[in-house]
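Asks: Sequence:
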Amino acid sequence: MLTKEQSLVEYDFSRLTVAPDRLTRSTHGHYVAIAEELLKIYREHVGEVRKQLHNRVRLSLQNVTDCPARRIAAFCKLLDDASEFQQDKSAAAAKLRQRVFSLAATKHPLVQTRDQLFDHDEANTKAEIAAELGKSWEEIEASLFADVIEFHRLRKPPENLDAAGLLSRYNVAQTQAALYAATSMTVWAGEDFKMILRYAKLARLMHSITRQGDRYAFQLHGPASLLRQTRRYGVAFARFLPGLLSTRDWRMQATVLGPAKRRFALRLSSSDGLHSEVQPSDFDSQLEETFWRQWNSLQAENQTDGWRLRREGTVLHQGQTVFTPDFSLNHPEHGEVLLEVIGFWTPEYLSEKVIRLKQFQHAARIVLAISESVDQAIPDLGIPRVTFKTTLKVKDVLQRLPN
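Straight run, no breaks: the sequence shown in this note's numbering ends on number 404.
These are calculated hints, taken from the structure and not from any lab test. The beta carbon of each residue, even a glycine, is placed where N, CA and C say it ideally should be. Where hints are given, some of them may not hold.
[As the list claims (entries may be wrong)] Okay, derived cross-link-like pairs now, SDA-like style, lysine to any residue, Cα gap no bigger than 20 Å in a straight line:
| id | residue 1 | residue 2 |
| --- | --- | --- |
| 1 | K96 | I130 |
| 2 | K136 | A147 |
| 3 | K396 | N297 |
| 4 | K202 | T322 |
| 5 | K262 | S185 |
| 6 | K78 | I42 |
| 7 | K195 | L310 |
[Stated by the list, open to error] Have a look at the derived ranges for each label pair, beta carbon to beta carbon:
| id | residue 1 | residue 2 | range |
| --- | --- | --- | --- |
| 8 | R311 | Q220 | 22 to 32 Å |
| 9 | A261 | A365 | 45 to 55 Å |
| 10 | A365 | P69 | 29 to 39 Å |
| 11 | K262 | S374 | 49 to 59 Å |
| 12 | P69 | S374 | 43 to 53 Å |
| 13 | P110 | S374 | 54 to 64 Å |
| 14 | A266 | K396 | 44 to 54 Å |
| 15 | G336 | D215 | 24 to 34 Å |
| 16 | E373 | H46 | 38 to 48 Å |
| 17 | R401 | E290 | 14 to 24 Å |
| 18 | P403 | E290 | 56 to 66 Å |
| 19 | T187 | N331 | 49 to 59 Å |
| 20 | A93 | H46 | 19 to 29 Å |
| 21 | Q220 | D13 | 22 to 32 Å |
Generate the whole structure from the sequences, applying the supplied hints.
Replies: Given below as structure tokens:
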């Protein structure tokens, strides 16, 4: 994602709306050729350091009158993200610097040309150090600061990315950056509401869902909107956006803090032309994925007492309020039991979860799987529960099911 310094947004103080920077064929058609040129720069200069590549990009764009510095910086960041750079993971550069500087210190002071006062010049000292280390000075110089990000060398340029794809990523990234200042978000969804819910969970967003006819309204909020305004929670909204963009039939409105802490509305819909390359994730956490795999392994060996596990298969309604437990367990004789997993979350989330569980505790048979770290925060609701430390065990859940 972009940094705040690479973000471009426009605030409308009369309508109190915010519009992230966006490059489209209708408004900025000339940027297609520009994007092609930027990709060409990276593909033709493999082996150069990041700093050199960025300088080439800046030179390429310096005469483009409608390309401000922040837009240039954003393009550099996106091109970097789509590339692979050599990184000094073994701390070899730091060791090399220490060795080179130690050798150079014995020749101090260094001058450009030796004279009657100073015996050691730069050229001869470099040659002596190179001979001592068994490398050419060019090799040494190329590796001396390889652990500094500006001097990482390009190993692989962007692959499977064309000009349209780069511009699409730019538009999404600028919208994400605008969400850094968001305090809340509402999403109205249709058929893909379960997938949207999954992406909200993956982004660690507190949420509540209400039904509005054949559609669903997600209220996404959290600690920043309840207690304090922090960029950290805005980043969670930004992480949620690519998942939302990969789904269908939705519209969204976020409340964004702008200049002088005034509140502005950022509005989007699935028909606005923003697209994401996010691949759907099957699980909200490693904990749930591990439990799913262990259950299915035992189920294949007929060791789950006839119970079969499904992901988020059941949606409960109480009036307009909606609850979607993490798993549903089905048995040919004992019917359905729903399993809700509660891991490490914030106090605000746990408080909201307790309210929701109280509301739905009689709507279906429910079993709670609660992390020991938050078990004390969940009062006795009359709902069977199992606790776990790091891994939710299948046998513990089976013990809470009818048999």
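Asks: Next step is simple, just say for each hint if it's right about the structure.
Replies: The hints, checked one at a time:
About 14 Å separates the Cα atoms of K96 and I130, which keeps this hinted pair within 20 Å; it holds. At roughly 16 Å between alpha-carbon atoms, K136 and A147 fall within 20 Å of each other, so this suggested pair holds. Taking the CA atoms of K396 and N297, the gap is about 13 Å. The hint holds against a cut of 20 Å. Simply put, K202 and T322 have alpha-carbon atoms about 18 Å apart, close enough for the 20 Å limit, and the pair holds.
For the hint pairing K262 with S185, the CA-to-CA distance comes to about 14 Å; that is within 20 Å, so the pair holds. Under the criterion of a C-alpha separation no larger than 20 Å, the hint pairing K78 with I42 is consistent with the structure, at around 14 Å. At most 20 Å may separate the alpha-carbon atoms for a hinted pair to count; K195 and L310 meet this at roughly 17 Å. Taken as a hint, the range 22 to 32 Å holds for the pair R311 and Q220, whose Cβ atoms sit roughly 26 Å apart.
For A261 and A365, the hinted distance range of 45 to 55 Å is satisfied, since their beta carbons lie about 48 Å from each other. Here the CB-CB span from A365 to P69 is close to 55 Å, at odds with the stated 29 to 39 Å. Between K262 and S374 the beta carbons are some 35 Å apart, a value that contradicts the proposed interval 49 to 59 Å. Between P69 and S374 the beta carbons are some 47 Å apart, a value that agrees with the proposed interval 43 to 53 Å.
For the pair P110 and S374, the beta carbons lie near 60 Å from each other, so the given range of 54 to 64 Å is met. Evaluation of the 44 to 54 Å hint for A266 and K396 yields a pass: the beta carbon distance comes to about 50 Å. Taken as a hint, the range 24 to 34 Å holds for the pair G336 and D215, whose Cβ atoms sit roughly 27 Å apart. Distance hint check: the CB atoms of E373 and H46 are about 53 Å apart, inconsistent with the given range 38 to 48 Å.
Checked against the hint of 14 to 24 Å, the pair R401 and E290 passes, with Cβ atoms roughly 21 Å apart. Separated by about 26 Å at the C-beta atoms, P403 and E290 break the suggested range of 56 to 66 Å. A beta carbon spacing of about 33 Å between T187 and N331 contradicts the range 49 to 59 Å that was offered as a hint. A beta carbon spacing of about 23 Å between A93 and H46 agrees with the range 19 to 29 Å that was offered as a hint.
At about 25 Å, the CB distance of Q220 to D13 agrees with the hint of 22 to 32 Å.
Hints 10, 11, 16, 18 and 19, counting from the list given before, are not met by this structure.
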